[in-house]
Each structure stands twice: as structure tokens, then as C-alpha cells.
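Peer 1: The lines below spell out each chain.
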Amino acid sequence: MRYSQWTSRALAAVLVLGLAAACGDAPDEAPDEPEEAEMPFDVGTAGHVEGMVMYEGDPPPPEEMDMSSEPDCDAHWDVTPTRDVVKVSDGHLGDVFVYVKEGLEGMDFPTTRQAVVMDQVGCRYTPMVIGAMTGQTVTFRNSDGLLHNVNATPTNNRPFNLSQPVNMDTDRTFTEPEVMIPVRCDVHGWMRGYVGIASHPYHVVTGEGGSFDLSDLPPGDYVIEAWHSQLGTQEQTVTVETGETAQVTFTFSEDMLNTAVVPLGDPIYPHRVDQADPESGHGAHEHAPAARTLTSAPDVR
Amino acid sequence: MRDYLRHPFWQAIAVFVASYVLIKWGIPYIPPLLGFSSAMVPSSVIIQYMLTVGVGILVWVSDNEARWKRFKEPIRNLLVRPERRRARRVFLVLVPLLMAFVTYDAVRPKVTAPAGLRSVHPANPTSITVNGETLVLEGLENPFREEGREEEGYELGLEIYYQNCMPCHGDYLDGQGHYAHGYNPLPLPLRGGGTIAQLTESYVFWRIAKGGPGLPREGAPWNSAMPAWEAFLTPEEMWAVTFFLYQQAGISPRTWDEH
Amino acid sequence: MAGLLVLPNGGPLTAQEADLERGREVYDRWCASCHGVEGDGLGPAAGYMLPRPRDFTRGLYQIRTTAGGEIPTDDDIMRMIDEGMPGTTMPGWQDQLSRRDREAVKDYIKSFYAPFETMAEPEPLDFGRAPRATAERIEEGRIFYDSIECWQCHGDTGRGYGSSGPELEDDRGYPIRAVDLTKNWKFNGGGSVEEIYRRLRTGMDGTPMPAFSDLVDAGFMTDDQLWNLAHFVRSLAPDDRPRVREVIRADKVEPGQVPRTVGDETWEEVEKFFIPLVAQIIILPRWFDPAVDGVWVQALHDGEEIALRLTWHDRSQSPDPAWMQWQERVLEVMEPVEGDPVEPDPRPDRFAVQFPPVIPDGMERPYFLMGNSERPVYLWQWQSDRDGAEPARARGMLDVETLSGSIEADAQWEAGRWQLVLRRNLEPSDSEGRLHFETGTPIPIAFFAWDGDNAEEGPRGSVSSWFFIYLSEDPPPSTYVAPVVAFLLTGGLGLVVVARAQRRERALGGGTTGDPDPAVHPPPHDDHRDDGADGGGDSGPEDDPRPPP
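Chains as they are written, first to last, in my numbering: chain A, 1 to 301; chain B, 1 to 259; chain C, 1 to 549.
Mixed in with the good hints, there may be bad ones.
Claimed, not checked - Counterexamples of contact, computed for chain C against chain B with all Cβ distances above 12 Å:
{"hint": "1", "residue": "D224"}
{"hint": "2", "residue": "R286"}
{"hint": "3", "residue": "S472"}
Claimed, not checked - For each label pair, taking beta carbons as the anchor points, the in silico distance ranges come out as:
{"hint": "4", "chain 1": "B", "residue 1": "D63", "chain 2": "C", "residue 2": "L488", "range": "49 to 57 Å"}
{"hint": "5", "chain 1": "C", "residue 1": "Q94", "chain 2": "B", "residue 2": "E152", "range": "52 to 60 Å"}
{"hint": "6", "chain 1": "A", "residue 1": "E38", "chain 2": "C", "residue 2": "R132", "range": "50 to 58 Å"}
{"hint": "7", "chain 1": "C", "residue 1": "E432", "chain 2": "B", "residue 2": "G35", "range": "52 to 60 Å"}
{"hint": "8", "chain 1": "C", "residue 1": "T402", "chain 2": "B", "residue 2": "S127", "range": "34 to 42 Å"}
As the list claims (entries may be wrong) - A few chain C residues facing chain B, derived, Cβ under 8 Å:
{"hint": "9", "residue": "V37"}
{"hint": "10", "residue": "G41"}
{"hint": "11", "residue": "V270"}
{"hint": "12", "residue": "F274"}
{"hint": "13", "residue": "P276"}
{"hint": "14", "residue": "P285"}
{"hint": "15", "residue": "Y367"}
{"hint": "16", "residue": "S465"}
{"hint": "17", "residue": "W466"}
{"hint": "18", "residue": "G491"}
{"hint": "19", "residue": "V496"}
It is worth saying that the hints were derived from the structure and are not from the lab.
For glycine and all other residues, C-beta sits at the position ideal for the given N, C-alpha and C.
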């Protein structure tokens, strides 16, 4: 049966390219109006938070991804791709979701209009971690032209499991704040991504340099949290004053790799509790609910 | 039509056919409509019943001289009347053909399983040894019932039942667990009046503790998939599950407490 | 059931509260042992089943008529309660609980997930009607199956052996198998083409099966094409679930014509007998998640040799390194851990056919689970990492002893399926513990299967109960002679009766019957009439004078 897969896939791709061209990508056409129409505070009084996420110690050795089951993806990479779960360069930690956890209660921010894109390239989520605001369009893009499914398993939001057998964009929005929503592809078990949803625009994902920037915050006291998929979370309190830039530094370290409890909307099944939290003392047979830290705001509907 | 209904020959035929229909299909299918359980009548029993019916009919038709004569009339007509010639010939061919077919069916090599007769509830031994302790079954009571630890027995029994027994005996104790179809004989349904409702708790305890391998020969121990639960459970746990079965199946008066 | 409901003492309940209370009673009694008192899917029996019972607190339902990710309609939940979910441990409750109780349970189940209260009940999708299945539609569906890569999980042939298999997990991280599309009677949401189409449209939330509605909505594929795909998927399974028959018939072929290989075309004509296999949960250690759920058996003999072709579906050719992680995961989640803990290990696939050492006279035979110390069984054992198969004697599953000699075997794993031919002379090489096959008599037979990549070995595997194999023989001449004799005897007797009746009629009534019936006088039948009729010299016991008609 395989003989026809490639031909039929090519046919489908041609068909789909035509359709995609006809349909166009909706999110790109949006921004006609000015963005920050009605912020719930006087923007003139805003201050800023700048910071850096550091990593101490040796990052775990990169795990090679075996893509042999998907020759197209295997061929996409010149060198065997690795699972960069702890992305460190020069002591700076990337792929950390940093957001204002407390301090903005009661404020109603306009939805960010720009869509945020999580692309699938060479059977990897690019970027692996994204942040979005409630109501903001999140576009899941398939640039590989082969079957991916986007299986999101949030807790506060409704889950979905999209099929993307061809190059295509599928838009979704999330109604509830949630840190973090795991996304995976069941076809390619190595593909794991994370979407953080905040009720406001003050969130950012660190790049390779580990630096972040939360600008135009109303003055006040805040709890800022940094979330990493393997190293768990850290919090810092910070005071923002008008026109000033507060500095924050988060430091994760090697020994957190084995002890961190990573808050995910997704409950981790009981048998993994032992690994995640050796002190909890749960036996393998105990059906204790997974250690789960829900960092998102309570139901605001 | 009326004439036919009055005629003893046709009456006899009608009674015979109606009896057959009633025995073959009426017995299994009518009682369930009224809420009683029933089952198909085995063919050997059908033959016996039909013989009885036939004899009864013969007694009736021959009981009175005139009726007997009238009864014989259609037969005689078929045998001798010239205007029945065609029917006569048809009979002379059809009946032997039918006999030939019946004979063929009887002598042809058949691919059927040998009859697996077994006693579903064979006689229990007088005593059994469980966990080193010898228990005399007669008069043996379920400690959970005897000591009034009913709540405890139910809770413990429920957990044990659904972990261990449910795959075969079913969520609803109806013998239709998800692995039931693979075993022969099929797992026993535990609810209803026909099974454990007729047994003492000590008997059920014996069946649980010793399982299929503990059956006497007439119970066909080589076929039963019932494990000997003494290898898995303590006597306390087996008593609890025994208690639970009655409770959950609604056989216990406590659960089926009618208003 | 009315007697069941005991309302707590105290203030009067509103109708809704009473209903919820009733739901709780029924739920705690019949549902909680799997789904948990808290509705979290962690009841005491949950660890003994895979897939695990649904966690109602997440509001995630596989089988819906609503779009992917949406909550189900009330009817969707009712359907699952009523009909259960084939292929899982969830039974249907339609005939078990009253309508009112089921409704009450449905409402109670919804109460575990708060958004049911605030969210409006979604509209079911409009699924339209199934177009008629045609060869063209099925072919087009096949092309779509290939192009949208359903085979990544379900495999080219649909037998559920796609390359993603070892990594698949459900919403809670438990291992899950891509369904074998050739066994539609195990589809969780039902095996009809309409039900398949619905699963394609809505996806199966909580499983890796994604929804295709987006593709239709975005115009990437048409609704019609999705129907074609559904028709193709339906066409992978037989029209009806295979019937289980107790006796496997081994037809007789010409001497020397017993096929030796799995690929021999002779097999295509041979009837298949489906034997269900279920978990070995009778002795320690038990195994509640067997991968092999049935085997198709074909058998032939030529009076000298007997050959069996066994066909069963298996997602991998064990030991397959890609499936090591599946082993790890399945061992981790499957309770109970009975006896020594089991480590993931490269294990071969295995199969065993069981016979009694001698054909039993009565109905007594060895214990079906590989015999016992008193009555051993005779086995043909095959495993995927060795050539041939070997005879063995077992006195229980844990006491298996290999016998000398070998059983001819030819095996092939292809596209999610094992085929295995086992062959031996009817007469054993050595009578010690080995069955002498006889024709024309039912011989007990049973089957065992192990999927090595599912960590199966020893008592952890699938078993069957005793079945029979019957080696056909040329029918004895009596088979054909007896009916002819019966025909002649009955016919002759009939003629005698008619002739006698007519003779008597003539003697009594003198010509009332008119001319004698030629039917009793035709030349070919004369002999018979004469044979039987000359006893008729006697006047018969009938002495009642017959009145003229």
C-alpha cells in the first residue's frame, strides 16, 4: 500500500496548497486599528521589568531524537536533532515562560490582536514554548506537509486534538488562564510543546540569551513567576514605579532537574509521582492524585 | 372450514401441532413475558411430551365408536378413493423421501462436540481445609453476617469483587464480564433466583476457596476457569466477598427490603 | 429497584436534589468501583484495566456528537451508559438499570465537572446521512487513508501496528493502543459506518485520535471524502463479528497435499474458525492486559499428516526494540504486581497449541490450563526467535517440559499479523506423552498466545478454553446406503398399506372405490407389493361392517 502514499500525499499537498492560497491566513490581515486602545490604566504612569534567567551547573546531555520512523523529518536535519529540554547558552536559560502571576487582579486588558504561532518544522515545535493571552489567537502551523496532530491537554480550558495531515494553519483560542498547557503530537511521540495562557499581556518566553522584558506595567507590587518544563517554577516579588525599570534575575540549577515539580494543567499520572516528588512517599499502587500546582487564576467566567 | 373444525381427524391434527408449538416455543418464550425465567426444552424431552400427547389423542378418538370411525375416514379416503389418487401418489413419494432424509441426517458423519454434561452445583464435601484450618461446611456461617459486620463485609467484598471477580462475573454480577466470552462453561451469573440464591454461604465459600480445580468429577473440573481463590485471598476476604455477592445481587433481604 | 433508594433522614429534598441523590446511590453501587467515588476514574478496580476508566472530573468524553474538545450532550452520555463501550471494560446498562436510574446517574456524573452547570449544552454536529458504499467510494477512501497518514498509528492494513504505536498515550499518560481497524466489534464508539464517520468528525477526546472537522470546515477535504474514508475503514472489517464454533473441522486432502508454508494458496480455500483468547487471570501471576484477543484456525490433513494454520494479529514482531518503551509503560501501569516484579526485557512472541496426550474416552480431559500433576497435556510450542516448534508436556503452566523431536513450523509476521503453520504426522514419532491423531472423532484442543513486546511470558498471556478439532474422514458407505434402504422400505410399506386397504375395500363394498389405483400396480413396484402384500391372506382384525359411504 505504501507505493501510493507518496503519490497521493503529493496530490493532496497540491490540492491543499491551492486551497490554502485561496483561503489565505486570516491572522495576518488583522491589524488595521491601533492596538492598545483602552488599557485599564494611565499608560503614562507605566514602569518596566527587565530580567535574566540563569542556569547554574551542567545542563543534562542533549537527548538525540530518533526520527527514523518519519524519514521526511529525519531528512530535514543535517545533524541528528536533539531534545533541547534545557536550553542553556553561556549560563543563560532559554524557553522559560515568565509572566506576572499576581498584582494585576481586577484589571481587564484588551486582547492582544496579533496571533502567536507555534510552528511544526522538521517534526519539532518551533518555538517549543509560547505564551498567549486569553482570547488571543494561537495558530498551530504545520510546515512539514505530513501528518501531525496537535493534542492539547489543558485542565482549565477545554482540550482539543487537531488533525493536520497537510501544510495548514489551525487557529484556537483559550478562554481561561493556565500555566502550562502541554501540547503533543501522537504521531511523533518526541514532539512536546507548551502553551502558557495569561489573563493579561505581561508574559514572555526567554530566548537563547535568557533575557526577558515586561514593559509598560502599571506601577505596583508584583509576583513574577518563571516556569521551565524540566526545572519547575520560581517566583520573585518586584515593585514597579513609574518610568523606572526594575531588575529581576531568576536562577535555576542543575539539581532542580530531579526534584522539580513542574506545574502543568495536565495531571501527571500516579506512577510518575514518585519520580517527580521523591519525598511524597506515595507507593506505586497508591492512586494519589498527582502533585499538581495550579498556578492559574480561579475561574473568572 | 367449520366442517374441518368439527372433524375429529383435523381436531387431532390441530391439537398435535398446537402442542408441539406450545412445548417448543411457548415454554421458553411465554413465561418471560410474564416475568418468569424459562429455557428451551431439550429435544429428548420434546419427543417424550409429544408421545404423551399422541397417546392422549388416540385414546380420545378411539374412545367413542362413531368418532373413531369418523377419525379414520380421511385416512381411508386417502388410501382408497379414486379421486384422491394424485394425493396418494404424492404421499407415497414424499413420505419415503422424508424418511430417507431423516436417515441420512442420522447416519452422516457429524462434526459436533461431544456432550459436555456437568453438574452445575455438585454436592459439596463435608469439610474443607483452607489456610491450614479444617472447616466443616454444614452449619458454617459467614462471620460477617453472624457478627453483624455487614458494612465492613460489603465494603471489603466490593473491592475484592471488582478487582478479581468482575472480569468474568460482570459489573452487574450477571456473568457477563469482559473476559466471560472466552471461557467455557460461561461464568455463572450470580444474580437471580437460580444460582447462589439456592445455596448456603458455606457452599459459596467452598466454591470460591477451591475453585474449578476443587470440583468433584461430575462438576467437570477440567473445564472450569474459576480460580482457587485461597491462593489469592484470605478466608476473611473470601467471606467478605461471599457476603457482598448476596448483598449486591439483591438476594439479601437487607438490600431488597420491600416497603 | 425502587426499594434501593433510601433517602437520608432530614428535610425534604427538592425533585432535583432527590434525583441527584438517587444518582449518587446508583453510582456508588454500580459505577464507583471503577470510576471512583470521587468520579476521578481511580476506583479500586481501575488498576486492573486498560484503557483505564473515565475520569469524570475532567469533563472529557471520547464518544460524542459534538465538535472536538466540546462537552458532550446529555444524549451522548446516556448512550455510553446504555450501550457501554465495546473494546473496553465498560458494559452497557440499558437492560440492567431502569431508565430513571440511568438518567439519574447521568446527571450525577455531570456533577463531577462543574462547567456542565455553566456551559450551555452544545448542539450536536449535523452528520447527514451515509452515502451508499460503492467500490469507488471505498477505493477513494483508501487513497485518503494513505494520504492523510492514518497508517502512522493504524498501519497500512489497518491492524493497528503503525510506527507511532509504542509511544501512544491517553490524556492521563496511560499507554493506549491504536485500534485494530479490522475488528470493528471492538471500536469504542461502535463499528457501523455512521459511527466511524462520527469519530472522524469529532475525534476521540482524551485519546490520540484527532478530529477532522477542522479539515472539512477549512475546505481541505470534503464531507463526502470523509464519508469515503469511513466506508473504507468499515470495509477493513468483516460484515459480521466472527462466530465462535466449538469444533474445528480439518478437511481431508489428497495424500501429500497438506500445505507446508503459511503462503501456500491451498489455505485460501480452507474454512477459518475463530477462537477467542482472553486474559490468563486464573493462576499467579495474572495478566489483565493481554494483547492477543483471538486466533483464526485452519486445519487440513491427508490421512498421514495434519497441518494447522494459525493467524493472529500482533502489533509487532517481538522482540522489537522500538516497543521496549511500551513494555516499560504497560508493566508500570498494570496492576496487580503479582509474584516477582517483572522487568522490561526483549521477549519473543509465543504460541502454543494444547492437546490431551491421548484422546479421552469419556468427557474427562486434562485441566484446560495446561493440565495438572495428575493429568498432563501435550503441547506444540512455537516462539518467534527460533526456527521450528517443539513438542512439550505440561503439568500446569509453570511446569512445562520439552519433549524430544520437533514439530514442523513455518511462521511469518507481516503488517500486524502472525501466520504460523504447524505440522506433524498423525502418528507420533514416539508415543510417550504425544497424541496419536485419529480421524472421525472430536479431539480436545486449546490455544495460548503471548505478545513478547507486551511483556507476556509464562502465565502472563492469553488463553482459550477447550475446543475440539475433528479430522474428517471419507464417509463410510453406510452413509449413502442407509437412506436408499430407508426410502425403499418406507415406500414399500406404503404401497402395502394402500394395496391392502383397497383390497379390503373391494372385498367389502364391492366396487365402491371404482377402478383400482394404477399407482399400486406399476410394474417397477410390483415386487415390493407382492413381497409385503402376500402376508395379507389374513382377513385382518377389522370386523366392523362398513356402511356404504
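Peer 1: Run every hint past the structure and note whether it holds.
Peer 2: The hints, checked one at a time:
For D224/C, the non-interface assignment is confirmed: its Cβ lies about 37 Å from the closest Cβ of chain B, beyond the 12 Å cut-off. Consistency note on R286/C: stated as away from chain B, yet its beta-carbon is not over 12 Å from all of that chain's, at 9 Å minimum. The Cβ of S472/C does not lie farther than 12 Å from every Cβ of chain B; its closest approach is about 7 Å, which violates its non-interface assignment. Checked against the hint of 49 to 57 Å, the C-beta distance between D63/B and L488/C comes to roughly 37 Å, which is inconsistent with it.
Checked against the hint of 52 to 60 Å, the C-beta distance between Q94/C and E152/B comes to roughly 33 Å, which is inconsistent with it. Taken as a hint, the range 50 to 58 Å holds for the pair E38/A and R132/C, whose Cβ atoms sit roughly 57 Å apart. Separation of E432/C from G35/B is about 58 Å and conforms to the stated range, judged on CB atoms against 52 to 60 Å. About 40 Å separates the C-beta atoms of T402/C and S127/B, a value consistent with the hinted range of 34 to 42 Å.
Look at V37/C: its Cβ only gets to about 11 Å from chain B, farther than 8 Å, so that hint breaks. Proximity of G41/C to chain B is violated relative to the hint, the smallest CB-CB distance being about 14 Å (cut-off 8 Å). The beta carbon of V270/C comes no nearer than 14 Å to any beta carbon in chain B, farther than 8 Å, and the hint placing it at the interface is violated. For F274/C, the interface hint is violated, the least distance from its beta-carbon to any beta-carbon of chain B being 11 Å, above 8 Å.
Checking P276/C against chain B: minimum C-beta separation of about 5 Å stays under 8 Å; hint holds. Look at P285/C: its Cβ only gets to about 11 Å from chain B, farther than 8 Å, so that hint breaks. Look at Y367/C: its Cβ gets to within about 5 Å of chain B, closer than 8 Å, so that hint holds up. About 4 Å separates the beta-carbon of S465/C from the nearest beta-carbon of chain B, less than 8 Å, and the hint is met.
Hint status for W466/C: holds, given a least beta-carbon distance of 6 Å to chain B, under 8 Å. Interface hint at G491/C: satisfied, since its Cβ lies 4 Å from the closest Cβ of chain B, which is below the 8 Å cut-off. Annotation: V496/C was flagged as interfacial toward chain B, and the flag is violated, the nearest CB pair being 11 Å apart, outside 8 Å.
In summary, the numbered hints that this structure violates are 2, 3, 4, 5, 9, 10, 11, 12, 14, 19.
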